[in-house]
Amino acid sequence: MKPFRKYRFTFTGIGLLFILIFLVNLSLGSVHIPLPAFFDIFLGSGSDNESWNYIVLNYRLPKAITAVLVGACLSISGLLMQTFFRNPLAGPFVLGISSGASLGVALIIMGGGLLSGVAGSILTDDITIALAASAGSLLVLSAVLLVAFRVRDTMALLIIGLMFSSLTSAVVGILAYFTRMEKLQQYIFWSYGSLGDLSWSQLLFFSIFTLLGTFFAIIVIKQLNALLLGENYARSMGVNVKRSRFQIILAASILTGAATAYAGPIAFVGLAVPHLTRQLFNTSNHKILLPAVMLFGGMLMLICDSIAQWPFSEVALPINAITSIVGAPVVIWLLVRKRKMIF
Amino acid sequence: MMEEKYHSILSSKDLVIGYHKDKEDFLVSRVTDLNIMKGELVGVVGANGAGKSTLLRSISGIQPFLKGTISLNNKPVKQYSAIELARELSVVVTEQPMAKNLTAIELIALGRQPYTDWIGNLSQNDREHLNQVIRQLDLEPLKNKACYEMSDGQLQKVLIARALAQDTSTIILDEPTTHLDIYHKTYILKLLKKIAHEHGKAVIFSTHEIDLAIQLCDKMLIMNNKETYYDEPCRLIEKGLFSRLFPADLIYFDKKSGTFRVRK
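Respectively, the protein sequence lines represent chains U and D. Heads up, the first sequence is in our numbering, so the first residue is 4 and it goes up one at a time. Heads up, the second sequence is in our numbering, so the first residue is 250 and it goes up one at a time.
The hints are simulated quantities; they were obtained by calculation from the structure and are not laboratory data. Note that CB positions come from ideal geometry on N, CA and C, so glycine has one too. Misleading hints may appear alongside valid ones.
[Stated by the list, open to error] With a straight-line cut-off of 27 Å between C-alpha atoms, the simulated BS3-like cross-links for lysine-lysine are: (1) U:Lys-245 - D:Lys-439; (2) D:Lys-488 - D:Lys-513; (3) D:Lys-327 - U:Lys-245; (4) U:Lys-9 - D:Lys-488; (5) U:Lys-245 - D:Lys-392; (6) U:Lys-245 - D:Lys-272; (7) D:Lys-392 - U:Lys-290; (8) U:Lys-290 - D:Lys-513; (9) D:Lys-270 - U:Lys-245; (10) D:Lys-272 - U:Lys-290; (11) D:Lys-392 - D:Lys-439.
[To be verified] Pulled a few chain D residues facing chain U out of the computed Cβ check, cut under 8 Å: (12) Ser-309; (13) Ile-311; (14) Leu-315; (15) Ser-339; (16) Val-342; (17) Glu-344; (18) Pro-346; (19) Ala-348; (20) Leu-351; (21) Leu-359; (22) Pro-363; (23) Ile-368; (24) Gln-415; (25) Ser-418; (26) Tyr-436.
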């Protein structure tokens, strides 16, 4: 009856595990920093080695925070989509929002090259790419929202989302066909995803977007729980279904848009994390699931990042490949083991 | 109490139900003026496509109707806000809840939504209500079972409990007996009768179990050929209205037993 009390110990455990993984992630990297020195830096007293200070505070810490934010954003978005579309296989990619972001970036990187040389080179810095990704997400989001008001059926909306992503990938494909080799390479690198390129000021904007999206998710928790019974039941219990739909889509779009803009299209996290979370938190109550998926998503991204960073070597694998390698088997395992993903 | 029992909860006047398509009105049925009292169990019967669901959806505000007024407690339904209506009218629809992992108690607790705060926390009062409903419907053993572990009959009972937890004067159920065997059909209908009589609610349901409805309902609404007839079951039998419900080539209505028989 008191849902939080029931899961108090689980939350405490997950919280401690989260902190541990966060610290492990920080202590690992291409440059080996001895553990005592690492703790000195982290606890504020600093190390004699200036470059170690710099690496931990201005490279690894922002990267770890980015990982947590990306994981949290995509996981909440996935949870919202799964309840909203009544489909356990729904995720942020389904609405085509991630594809929209990709289209924005493709237009800047590859489309910019089609303009003349000078304009192209000015256009392709980091901030422009982030802005383009947000604009792309917003474009597809607006289109989906317009359709959402006309189509009452959520399953139809799901398919429309898939069509939007096909359309945007087609446009990206055409751009890729006509673009120069180095531009194509730049786009492909972006699409691998990256957690490490954010400055503290970019991180601040990312955090603001995350908070905004999470805020919209929190205020629809009650409505999400009602929607577990279906739209007719929700309506009969006084839920303004139209407004809730709008808020849910808005929250999911802001969260996905922000994560994609700042870290590239990250696959499978949004889909897999809510299911992993339900293994431990055997509930459908969004009041429990929302904070739980944030923690889980953050942890999963930290782990994936630690793997991608391949400790103590120069090799950094693309994060998107790692999340797919971790995420896809998880989804397959869940499908095989539970046959139907009940939620 | 007697006086209370006979006051009208749900009424309609000059009601015409139907739907809007391509800027045209499609009439499904005209509805005779209804006056449903507190403590009455009302069964809505008719052939497939006669408009039972349309009528129930119109009454519960899910679907707009073409003409006339529907009033709850002497106030037109259209003047209710969503939350006010949710406190006066609860539904059990044919669509299955999508979250099969919900436990009985979680599902029933959702019925308290019209009374809970912005995030859905249950107050002491809400919890007392829930315990009362669980006691009344003997749901204690089912309480912590998830929906996917329940039989159809158990799930239907839990869904009815959710409507009861919503603490409304009217409960509307769309075909609550489909997919159930004859024992559980009877069980559910008797439960509805108990809810109507003992809790003083107006309970309106649609069904294809005409025989059972005749035995259990206080009033029945027959929907046939765009017209409706509303009365006590025995009067409807006397008027021979059940006989006209279906084409006469295969079955006929036996007035004596109050059942349909196959033509030999």
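- Which hint numbers does the structure go against, in order from smallest to largest? Checked against the structure, the hints that fail are numbers 1, 4, 5, 8, 10, 14, 25, 26, while the rest are satisfied.
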